[in-house]
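Visitor: Residue strings, one per chain:
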Amino acid sequence: MKKRLGLLGFVLALVAIVAITVQAQKTENRLASNAAEQVYVAPGEYDKFYGFFSGGFNGQISVVGLPSGRTLRTIPVFSQWAENGYGYSEETKPMLMTSQGFVPWDDSHHPELSQTDGALDGRWLFINGNNTPRIARIDLKTFETHDIIEIPNAGGNHSSPFTTMNSEYVVAGTRFSVPIPQKDMSIADYKSNFKGTLSFIKVNPDDGDLSIAFQILMPGFDYDLAHCGKGPSHGWCFFTAYNTEEAHSLLEVNASQNDKDFVAAINWKIAEQCVTDGKAETVAANYADNHMDDATGIAVSEMRDSVTLLDPANCEGLAYFLPTPKSPHGVDVDPTGEYIVPGGKLSATLAIHSFSKMLKAIEAKDFTGDSYGIPILNFDNILAGQVEKACLGPLHNEFDTKGFVYTSCFLSSEIIKWNLKNFEVVDRVPTFYSIGHLMIPGGDTMKPYDTFVVALNKITKDRYLPTGPELVQSAQLYDISGDKMQMLSDFPTMGEPHYAQAIPAELVTENQLRIYPLESNQHPYATKKEADVKVEREGSDVHVYMTAIRSHFAPDNIEGVKLGDTVYFHVTNLEQDWDIPHGFATYGMNEANLLIMPGQTLTVKWTPKEVGVFPFYCTDFCSALHQEMQGYIRVSPADSDIALSWNLGQ
Amino acid sequence: MKKIVIGLSFLVTLVIIGIWGFAQDNADLPKGVGPIETLELTELDPALAETGKVTFEQFCSACHKIEERYIGPALLGVTERRAPEWIMNMILNPDVMIQEDDTAYELFAEYLTPMANQHVSEEQARSILEYFRSNDAQ
Numbered sequence: 012m013k014k015r016l017g018l019l020g021f022v023l024a025l026v027a028i029v030a031i032t033v034q035a036q037k038t039e040n041r042l043a044s045n046a047a048e049q050v051y052v053a054p055g056e057y058d059k060f061y062g063f064f065s066g067g068f069n070g071q072i073s074v075v076g077l078p079s080g081r082t083l084r085t086i087p088v089f090s091q092w093a094e095n096g097y098g099y100s101e102e103t104k105p106m107l108m109t110s111q112g113f114v115p116w117d118d119s120h121h122p123e124l125s126q127t128d129g130a131l132d133g134r135w136l137f138i139n140g141n142n143t144p145r146i147a148r149i150d151l152k153t154f155e156t157h158d159i160i161e162i163p164n165a166g167g168n169h170s171s172p173f174t175t176m177n178s179e180y181v182v183a184g185t186r187f188s189v190p191i192p193q194k195d196m197s198i199a200d201y202k203s204n205f206k207g208t209l210s211f212i213k214v215n216p217d218d219g220d221l222s223i224a225f226q227i228l229m230p231g232f233d234y235d236l237a238h239c240g241k242g243p244s245h246g247w248c249f250f251t252a253y254n255t256e257e258a259h260s261l262l263e264v265n266a267s268q269n270d271k272d273f274v275a276a277i278n279w280k281i282a283e284q285c286v287t288d289g290k291a292e293t294v295a296a297n298y299a300d301n302h303m304d305d306a307t308g309i310a311v312s313e314m315r316d317s318v319t320l321l322d323p324a325n326c327e328g329l330a331y332f333l334p335t336p337k338s339p340h341g342v343d344v345d346p347t348g349e350y351i352v353p354g355g356k357l358s359a360t361l362a363i364h365s366f367s368k369m370l371k372a373i374e375a376k377d378f379t380g381d382s383y384g385i386p387i388l389n390f391d392n393i394l395a396g397q398v399e400k401a402c403l404g405p406l407h408n409e410f411d412t413k414g415f416v417y418t419s420c421f422l423s424s425e426i427i428k429w430n431l432k433n434f435e436v437v438d439r440v441p442t443f444y445s446i447g448h449l450m451i452p453g454g455d456t457m458k459p460y461d462t463f464v465v466a467l468n469k470i471t472k473d474r475y476l477p478t479g480p481e482l483v484q485s486a487q488l489y490d491i492s493g494d495k496m497q498m499l500s501d502f503p504t505m506g507e508p509h510y511a512q513a514i515p516a517e518l519v520t521e522n523q524l525r526i527y528p529l530e531s532n533q534h535p536y537a538t539k540k541e542a543d544v545k546v547e548r549e550g551s552d553v554h555v556y557m558t559a560i561r562s563h564f565a566p567d568n569i570e571g572v573k574l575g576d577t578v579y580f581h582v583t584n585l586e587q588d589w590d591i592p593h594g595f596a597t598y599g600m601n602e603a604n605l606l607i608m609p610g611q612t613l614t615v616k617w618t619p620k621e622v623g624v625f626p627f628y629c630t631d632f633c634s635a636l637h638q639e640m641q642g643y644i645r646v647s648p649a650d651s652d653i654a655l656s657w658n659l660g661q
Numbered sequence: 319m320k321k322i323v324i325g326l327s328f329l330v331t332l333v334i335i336g337i338w339g340f341a342q343d344n345a346d347l348p349k350g351v352g353p354i355e356t357l358e359l360t361e362l363d364p365a366l367a368e369t370g371k372v373t374f375e376q377f378c379s380a381c382h383k384i385e386e387r388y389i390g391p392a393l394l395g396v397t398e399r400r401a402p403e404w405i406m407n408m409i410l411n412p413d414v415m416i417q418e419d420d421t422a423y424e425l426f427a428e429y430l431t432p433m434a435n436q437h438v439s440e441e442q443a444r445s446i447l448e449y450f451r452s453n454d455a456q
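Here the protein sequences line up with chains G and W, keeping their order. The numbering of the first sequence is this note's numbering, which starts it at 12 and goes up by one. The numbering of the second sequence is this note's numbering, which starts it at 319 and goes up by one.
Hints in this document: simulated from the structure, not taken from any laboratory. Heads up, a few of these hints could be off.
Said to hold, decoys possible - Derived DSS-like pairs (lysine-lysine); straight-line CA-CA distance at most 30 Å:
{"no.": "1", "chain 1": "G", "residue 1": "Lys371", "chain 2": "G", "residue 2": "Lys413"}
{"no.": "2", "chain 1": "W", "residue 1": "Lys349", "chain 2": "G", "residue 2": "Lys545"}
{"no.": "3", "chain 1": "G", "residue 1": "Lys428", "chain 2": "G", "residue 2": "Lys271"}
{"no.": "4", "chain 1": "G", "residue 1": "Lys539", "chain 2": "W", "residue 2": "Lys371"}
{"no.": "5", "chain 1": "G", "residue 1": "Lys432", "chain 2": "G", "residue 2": "Lys458"}
{"no.": "6", "chain 1": "G", "residue 1": "Lys540", "chain 2": "W", "residue 2": "Lys383"}
{"no.": "7", "chain 1": "W", "residue 1": "Lys383", "chain 2": "G", "residue 2": "Lys495"}
{"no.": "8", "chain 1": "G", "residue 1": "Lys545", "chain 2": "W", "residue 2": "Lys371"}
{"no.": "9", "chain 1": "G", "residue 1": "Lys573", "chain 2": "G", "residue 2": "Lys540"}
Unchecked claim - With beta-carbon atoms standing in for the labels, derived distance ranges:
{"no.": "10", "chain 1": "G", "residue 1": "Ser317", "chain 2": "W", "residue 2": "Asp413", "range": "53 to 61 Å"}
{"no.": "11", "chain 1": "W", "residue 1": "Thr356", "chain 2": "G", "residue 2": "Leu524", "range": "28 to 36 Å"}
{"no.": "12", "chain 1": "G", "residue 1": "Arg525", "chain 2": "W", "residue 2": "Ala427", "range": "25 to 33 Å"}
{"no.": "13", "chain 1": "W", "residue 1": "Ala427", "chain 2": "G", "residue 2": "Asp552", "range": "43 to 51 Å"}
{"no.": "14", "chain 1": "W", "residue 1": "Ala427", "chain 2": "G", "residue 2": "Asp220", "range": "47 to 55 Å"}
{"no.": "15", "chain 1": "G", "residue 1": "Thr520", "chain 2": "W", "residue 2": "Pro353", "range": "20 to 28 Å"}
{"no.": "16", "chain 1": "W", "residue 1": "Pro353", "chain 2": "G", "residue 2": "Ile653", "range": "47 to 55 Å"}
{"no.": "17", "chain 1": "G", "residue 1": "Ser317", "chain 2": "W", "residue 2": "Pro353", "range": "53 to 61 Å"}
{"no.": "18", "chain 1": "G", "residue 1": "Thr520", "chain 2": "W", "residue 2": "Leu362", "range": "42 to 50 Å"}
{"no.": "19", "chain 1": "W", "residue 1": "Ala427", "chain 2": "G", "residue 2": "Ser656", "range": "35 to 43 Å"}
{"no.": "20", "chain 1": "G", "residue 1": "Ser656", "chain 2": "W", "residue 2": "Asp413", "range": "32 to 40 Å"}
{"no.": "21", "chain 1": "G", "residue 1": "Pro626", "chain 2": "W", "residue 2": "Glu398", "range": "35 to 43 Å"}
{"no.": "22", "chain 1": "G", "residue 1": "Thr520", "chain 2": "W", "residue 2": "Asp413", "range": "14 to 22 Å"}
{"no.": "23", "chain 1": "G", "residue 1": "Val483", "chain 2": "W", "residue 2": "Leu394", "range": "57 to 65 Å"}
We put the CB at the ideal spot given by N, CA and C, even for glycine.
Could you build the full structure based on these sequences and the hints that come with them?
Guide: Structure, rendered in structure tokens:
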């Protein structure tokens, strides 16, 4: 009997366990289905946000629709892009010129959208190149790179290109301090001889053109990230500084000695005044200033030879150091402009600075000392509050409109949500794995959109189907509309997206350019109608004035080119309809194909290596007769007397 | 007699239908689908036709010739084959025309390259029509 009872008890327990498990699964499935609905974009419908993800070591920007996580496009910025010939065509090569010559690659880190009155305005997107210090501006009418300016007197342009609240400036701080000006010296003499610079890049309010307004000469620390003030703190920018030890070797140990490093607070309005008052120096510098000429569609690269350098010793009130635990990475300013929130990556406690207390401390000269003449403020007297035992490895913060801060924690692989009222953590969610930056649409502006937060992770491991030793990066999307963060989806990202920004789609779609009007095309080699096509010889250069339309090139038979000639194909796309590009490539080309937008003229250089007749063709499927869109160019011996000739349909 | 009357009535009916049909000839041509619903043609405007010629050369001549078939059909006589509204709608609204207008669809099936939308203005399309009219008047 006891045995039977025991058996009955066992069976009942089993049933109960199964029932509970099934119930739990149902709940989980319901949650999953709810999550799927929130990120699902039905066929033919659009995402609500454009996300711009930096490509990291691919040097580009990925455009990702959110919340779906679908990749919409890659914008080539600092690296050649074979897909459309960026950096290969004669028109775009000047965009990649630097003081070090043609540099067709960089490490792009932080996309930053332009702002008006502290809110996203949908005009431009800026991004930094870290390795050969540069800042680029992308025009959001065309999603094309329009400006690249090189930053002289810098090494590792990392704390960049963060914007002021009306995009008066974007900033560029050096991560790697260097001898300024560069010179041959012993690395062992780093301390007090190497310097950092914080550059303020003026953004022309009309056309977005970039120029270096001034550089501030700083002690040789590593300036890691930045954000500028807003509202009451407009006029200030804040840069994190680690390696205040000024180590030059084994930094992972030697730059982690000090219990507190700094946030550098820079008053750029005072900087402007000091420049006006003649307190800055004009020093020799050699850097490239590249921009796209809208009328011709040809990038122009100009070398500049000087820059305005401002030493804080000559400009009182320009710079202060805010003691900050420990080797801080991010520094972020909340939407009210009052709280300056660093991510002290080697400290488990978050210490938040108060902007208003900072001003009072400056006024009272409440300093605990100075570093190379720059006053160090009293930590306790500028403290707004601390989040104790927040997480491990806090890196970066974004904000919502309700007074919450979302902090990425690299070491503990999580996002924590805490409030600025009592500095208490209210929620935490795991990320997969090792989160770097995080992103809320508008999350670094005065007008965040309380929709979702994206985790940009450094490690992927088992999140997707394996693709050999190398894996793409992983991102996760979490709903933040309720009290608790809820993971909705997980999507792969290209390169290493360090940071991303997102903007409501309508702020961008309303300004989209669909074609380049032929009548506005002022390219010197444009051919605006088929009757005008021609081939001209200038010494050993042969210029082919070519047109493309569905589905033929004019001319498509060319003779009279000789070995030793350099041929320039200037191809004008005569189409005037959206999404009808034509491609162009010819045998043995040492460049990439051209992808020519409607109304645009692009040029590719071709140097034939041998005698023969070589085909060229359209690389972008354009119509039912796309396979017929082809032609031939004949290359004769160098001493041939065959005259140049060309035709179509004869 | 009866036969003659019937025969005459038949003839008269034919003639009436013929005259009516002739009168209705142009008006009966399909107008196509697009922004141009009705167009009152006036006397040929040579200056407008000259503007149309320049516009045609820039935006259309890569695919159309006047007297011979090229990528698209030869355009001599087009103003006799098609209503003026149809011609302008085909220039201004080719994507929808190919979908919804039977003749445009048949032309697409024959030539296989779709009529390109060159995004010319209504004013420019009107001048191109005038250029076609001047060709057909000669």
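Visitor: All hints, please: hold or fail.
Guide: The hints, checked one at a time:
The suggested pairing of Lys371 of chain G with Lys413 of chain G holds, with an alpha-carbon distance near 27 Å, which does not exceed 30 Å. A hinted pair counts as satisfied when its Cα atoms are at most 30 Å apart, and Lys349 of chain W with Lys545 of chain G does not qualify at roughly 39 Å. The straight-line distance between the Cα atoms of Lys428 of chain G and Lys271 of chain G is roughly 24 Å, inside the 30 Å bound, and the hint therefore holds. Taking the CA atoms of Lys539 of chain G and Lys371 of chain W, the gap is near 15 Å; set against the 30 Å cutoff, the hint holds.
The straight-line distance between the Cα atoms of Lys432 of chain G and Lys458 of chain G is roughly 19 Å, inside the 30 Å bound, and the hint therefore holds. At most 30 Å may separate the alpha-carbon atoms for a hinted pair to count; Lys540 of chain G and Lys383 of chain W meet this at roughly 13 Å. Between Lys383 of chain W and Lys495 of chain G the alpha-carbon distance is near 67 Å, which puts this suggested pair outside the 30 Å criterion. The suggested pairing of Lys545 of chain G with Lys371 of chain W holds, with an alpha-carbon distance near 21 Å, which does not exceed 30 Å.
For a cut-off of 30 Å, the pair hint linking Lys573 of chain G to Lys540 of chain G stands: about 27 Å separates their Cα positions. Taking 53 to 61 Å as the suggested C-beta distance range, the pair Ser317 of chain G and Asp413 of chain W conforms, at roughly 55 Å. A beta carbon spacing of about 34 Å between Thr356 of chain W and Leu524 of chain G agrees with the range 28 to 36 Å that was offered as a hint. For the pair Arg525 of chain G and Ala427 of chain W, the beta carbons lie near 28 Å from each other, so the given range of 25 to 33 Å is met.
Between Ala427 of chain W and Asp552 of chain G the beta carbons are some 45 Å apart, a value that agrees with the proposed interval 43 to 51 Å. For the pair Ala427 of chain W and Asp220 of chain G, the supplied restraint of 47 to 55 Å holds, since their beta-carbon distance comes to about 51 Å. Judged by the Cβ atoms, the range 20 to 28 Å given for Thr520 of chain G and Pro353 of chain W holds: they are separated by roughly 24 Å. A hinted range of 47 to 55 Å holds for the C-beta pair Pro353 of chain W and Ile653 of chain G, which are about 51 Å apart.
Roughly 57 Å separates the CB atoms of Ser317 of chain G and Pro353 of chain W, a value that falls within the hinted 53 to 61 Å. Our hint of 42 to 50 Å for Thr520 of chain G and Leu362 of chain W holds, since their Cβ atoms are close to 44 Å apart. A beta carbon spacing of about 36 Å between Ala427 of chain W and Ser656 of chain G agrees with the range 35 to 43 Å that was offered as a hint. At roughly 38 Å, the beta-carbon separation of Ser656 of chain G and Asp413 of chain W lies within the given 32 to 40 Å, and the hint holds.
Between Pro626 of chain G and Glu398 of chain W the beta carbon distance is about 42 Å. The supplied range of 35 to 43 Å therefore holds. Taking the beta carbon of each, Thr520 of chain G and Asp413 of chain W are about 20 Å apart, inside 14 to 22 Å as hinted. Against the hinted window of 57 to 65 Å, the Cβ-Cβ separation of Val483 of chain G and Leu394 of chain W comes to about 58 Å, which satisfies the hint.
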